[in-house]
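S.K.: Input sequences plus hints: build the corresponding full structure.
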Amino acid sequence: MTIECHLDIRGVSKHFGGVQAIGDVSLQVNRGEIVSVIGPNGAGKTTLLNMISGFYHPDSGSIRLADRDITRLSPSRIATLGVARTFQNIALFRGMTVLDNLMLGRHVHMRTGALSAMLRFGPALREEVQHREVVEDVIEFLDIQPLRKQPAGALAYGLQKRVELGRALAAHPQVLLLDEPMGGMNIEEKEDMARFVLDVNDEWGTTIVLIEHDMGVVMDISDRVVVLDLGQKIAAGTPDEVKEAPEVIKAYLGTQAAS
Amino acid sequence: MAETTLPHYLLRNAREFPHQVAMREKEKGIWQQWTWRQYLDEVRDLALGLVALGFERGDKLAILSDNRPQVYWAMVAAQALGGMPVPLYQDSISRQLAYVVDHSDAAMVLAEDQEQVDKVLELKDNLPKVRRVIYDDPKGMRHYNDPWLTSFIAVQEKGRELGRQRPQLFDEHVSAGRADDSALICYTSGTTGQPKGAMLSHANLITAVEGMQTVEPYYPTDETLAYLPPAWVGDTFWSLAGALMTGCRVNCPERPETVQANIREIAPHFLVAPPRIWENLVSEVRTRVDDASFVKRWLFHKLMPVGEDVARKRMEKEPVGVLQKGLHRLAEFFVFGPLRDHLGFRRIRSAYTGGAPLGPEIFLFFRALGINLKQVYGQTESGVTCVQRDGDVSLGTVGKPFPNVEMAVSDDGEVLVNGPMVFKGYYKDEVATAAALKDGWLYSGDAGLMDPNDHLVVIDRAKDVTALTDGTRFAPQFIENKLKFSPYVKEAVSFGQDRPYVAAMVDIDMENVGRWAEKNRLAYTTYTDLAQKPEVYDLIALEVDRVNRDLPESTRIRRFLLLHKELDADDEEITRTRKVRRGLVAERYADIIAALFSEEVATVPVTSVITYQDGRQATLETTLTIRDVGEVLAGA
Chain P
1 MTIECHLDIR GVSKHFGGVQ AIGDVSLQVN RGEIVSVIGP NGAGKTTLLN MISGFYHPDS
61 GSIRLADRDI TRLSPSRIAT LGVARTFQNI ALFRGMTVLD NLMLGRHVHM RTGALSAMLR
121 FGPALREEVQ HREVVEDVIE FLDIQPLRKQ PAGALAYGLQ KRVELGRALA AHPQVLLLDE
181 PMGGMNIEEK EDMARFVLDV NDEWGTTIVL IEHDMGVVMD ISDRVVVLDL GQKIAAGTPD
241 EVKEAPEVIK AYLGTQAAS
Chain H
1 MAETTLPHYL LRNAREFPHQ VAMREKEKGI WQQWTWRQYL DEVRDLALGL VALGFERGDK
61 LAILSDNRPQ VYWAMVAAQA LGGMPVPLYQ DSISRQLAYV VDHSDAAMVL AEDQEQVDKV
121 LELKDNLPKV RRVIYDDPKG MRHYNDPWLT SFIAVQEKGR ELGRQRPQLF DEHVSAGRAD
181 DSALICYTSG TTGQPKGAML SHANLITAVE GMQTVEPYYP TDETLAYLPP AWVGDTFWSL
241 AGALMTGCRV NCPERPETVQ ANIREIAPHF LVAPPRIWEN LVSEVRTRVD DASFVKRWLF
301 HKLMPVGEDV ARKRMEKEPV GVLQKGLHRL AEFFVFGPLR DHLGFRRIRS AYTGGAPLGP
361 EIFLFFRALG INLKQVYGQT ESGVTCVQRD GDVSLGTVGK PFPNVEMAVS DDGEVLVNGP
421 MVFKGYYKDE VATAAALKDG WLYSGDAGLM DPNDHLVVID RAKDVTALTD GTRFAPQFIE
481 NKLKFSPYVK EAVSFGQDRP YVAAMVDIDM ENVGRWAEKN RLAYTTYTDL AQKPEVYDLI
541 ALEVDRVNRD LPESTRIRRF LLLHKELDAD DEEITRTRKV RRGLVAERYA DIIAALFSEE
601 VATVPVTSVI TYQDGRQATL ETTLTIRDVG EVLAGA
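Chains as they are written, first to last, in this note's numbering: chain P, 1 to 259; chain H, 1 to 636.
For the record, the hints were derived by calculation from the structure and aren't laboratory data.
Take the hints with a grain of salt, since some may be wrong.
DSSO-like, lysine-lysine: derived pairs with alpha carbons at most 30 Å apart [what the hints assert, rightly or not]:
1. H:26 to P:190
2. H:119 to H:579
3. H:579 to H:463
4. P:190 to H:124
5. P:190 to H:565
6. H:533 to P:190
7. P:149 to H:139
8. H:533 to H:565
9. H:119 to H:565
10. P:149 to H:296
Keep in mind it's a predicted model, so treat the numbers as computed, not measured.
M.R.: Written out as structure tokens, the structure reads:
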């Protein structure tokens, strides 16, 4: 199999006022890889994700998706190009059902206008049926059949996280950005989620960029790990290489432990 | 041609009503359907595929799956080849599984999905007789490359190919089938010792359904839901034999968790459920009513007693007054009709409860709603044999035997069954067969009696009926069932054999007691913590008192305690069908039982080891309080 660079981030920097959130970070993610970004709080992990998905634009540097420059594109444009993400603090419509939330995840692929969609006939109806099929695949994939008609806000936290992943998956992304998908979960929920992440990658060949604090999970499921500290990339490599890297130990445990 | 085996009925249905829907399963949010002809095609492809894999006459096919169409196809396919399906409980743990699969000499195993395949793979070394494992759902199976495994679709593909080469092969196999060929090996849940495999022939299954049909006819337009464990003989009775013979439609739920929603969508014409499900429905209705608007609440609370009163009068064949009739109409319009619709019982003709006694108030609740809930009775060794008749339903009995069933009570009070549905014997167990079958009579092991109206009343398992030290007859299950009628009691075990009095260990129902605690502002953390609250003891004491009122003085419960954990099928304390394994429980809880019968002891320390799913163990130490039950409160 030829290795193809799917996401190419070169020398990006981002300042907020006088604070440098990200300074000259480069990162290449190959197609079909699971790459984790780790680092202490405030290291700039989420900022990096926000730049990939177009929420922020970098002050300098470039981001390419396959052979296309997406550095300055709007979030909605980037989403249409096949990049989906989940949020650290669940971004579901709490009053809407799980099914409707997932259907919304298909939004980027919807062609027909609001009026014909409301009238529900012809192409609009056909399109809705197609979208529903995709969404049902996701529902089955995530084992959430019993939750279809439940309001998202009424679900347990772990399940909301699962639905949040489902909303991103509904878009059939080529690149999936996951911002702490296992944050606040118990062991069992984490195991389930790790399984889902691996299955997504396996079944659809989706490229995954993952931010996660649970080192066990990160080391288990990542192909490569990138370590950020204070906006700088301090290490990168396979999980085993990163575990041994003195810079990482220093960043996580302080200077004393490293020496 | 007269149909003498179940596959014959499938051929008949495919011939006579090929385009009628035979089966549905909800998948991807839509009810997918199969006509009788498609049902036959699926079965034929699978059966020939099994032949291609080397399945021979007399071979057994173990089935480890939730209720899916594939389960029923596989059962008929095995039968068509002169083999026997051996359905297993889906939630069996490895050891239980290993025993049954090995004991049944299963040549092949059908496993539903990755989870079940993993269980079987783990046991591979203990299952030398299993030649192939067939899996149905390919999700997550991509990297499994054990040559032992093959997919359902691949087997069917092989079958299609064989069918092209030898188009008559399937029909030849089916016509070789005889009525007294074994059609099923159904393992008993085994309250004592290892499970035993009851062999039922085609004739057994067919005559049992015929018996039911003379009393309760089903029609090809009827809908029902297949959601009870395939390993339970009742599922074969209704979802397989019943459906094949009467042509009614079997609907498989989307997931075990969606059963209730699926019942509502299907609105079945008949449905069987164990007491636990009826009880859950009642608590759900009551909770929903509590959350409803004032008017709805008021209507429900005013009109429900009317319904219950009318239902009681009808059961006791008393006349219903004109005023009450009018009120009942009103109740029907405002409350009962909508509630029936909401529960999915809009079209129900017969709802059955079986497996264990159902509390009288639960029974009355559904009858008040106008749902024709009836008790059925039967056992693994004979299928269903008794049902309450329409217009002749009374509390506490399990109804009359079918016309083709002969039933008697032995001098020792054991229920005996005779008829063409009585099984062939236990697989590879002559001793047990000889003990259960004498002169054609099946010794059911249930203690019971015939009431004056010839209705069967089941008291307990015969071997459990013993005596207190003073010689009073003591039937533990009779007392336990009365306790379990309380929504707050999930499980109860009573002791009294060769003891001066009766004492009980009680498992609280976490959900209902938890809700009660919330309502009463009682803070708690875990199950153990909740169970040991004095307030909860008071609550259960009231239930014990209620039970004691109905019992003769000498068998009243004198002391009880609330257990720190639920009795669990994974710990083998209860069976998969929720029957207590008395011997094992008595052994494991010997200290607690000793304390229950030492009157000066008021507390008992317990230590238990908990194994988490990831293998870590934790020790839990706590002290259980024993409560003495005083005299029955005034008014008894």
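S.K.: All hints, please: hold or fail.
M.R.: Going through the hints against the structure:
Proposed proximity of residue 26 of chain H and residue 190 of chain P is supported: the alpha carbons are some 29 Å apart, at most 30 Å. With a C-alpha separation of about 24 Å, the suggested pair residue 119 of chain H and residue 579 of chain H falls inside the 30 Å cut-off, and the hint holds. Taken as a hint, the residue 579 of chain H and residue 463 of chain H pair is honoured in the structure, with Cα atoms around 14 Å apart against an allowance of 30 Å. Our distance criterion of 30 Å between C-alpha atoms is met by residue 190 of chain P and residue 124 of chain H, whose separation comes to about 29 Å.
For the hint linking residue 190 of chain P to residue 565 of chain H, the alpha-carbon distance of about 26 Å falls within 30 Å, and the restraint holds. The suggested pairing of residue 533 of chain H with residue 190 of chain P is violated, with an alpha-carbon distance near 33 Å, which exceeds 30 Å. The straight-line distance between the Cα atoms of residue 149 of chain P and residue 139 of chain H is roughly 24 Å, inside the 30 Å bound, and the hint therefore holds. For a cut-off of 30 Å, the pair hint linking residue 533 of chain H to residue 565 of chain H stands: about 14 Å separates their Cα positions.
Proximity of residue 119 of chain H to residue 565 of chain H is assessed by CA-CA distance (about 26 Å); at most 30 Å being required, the pair is judged to hold. Of the pairs offered as hints, the one joining residue 149 of chain P and residue 296 of chain H holds, with about 24 Å between alpha carbons and a cut-off of 30 Å not exceeded.
Of the hints listed earlier, the one the structure fails to meet is number 6.
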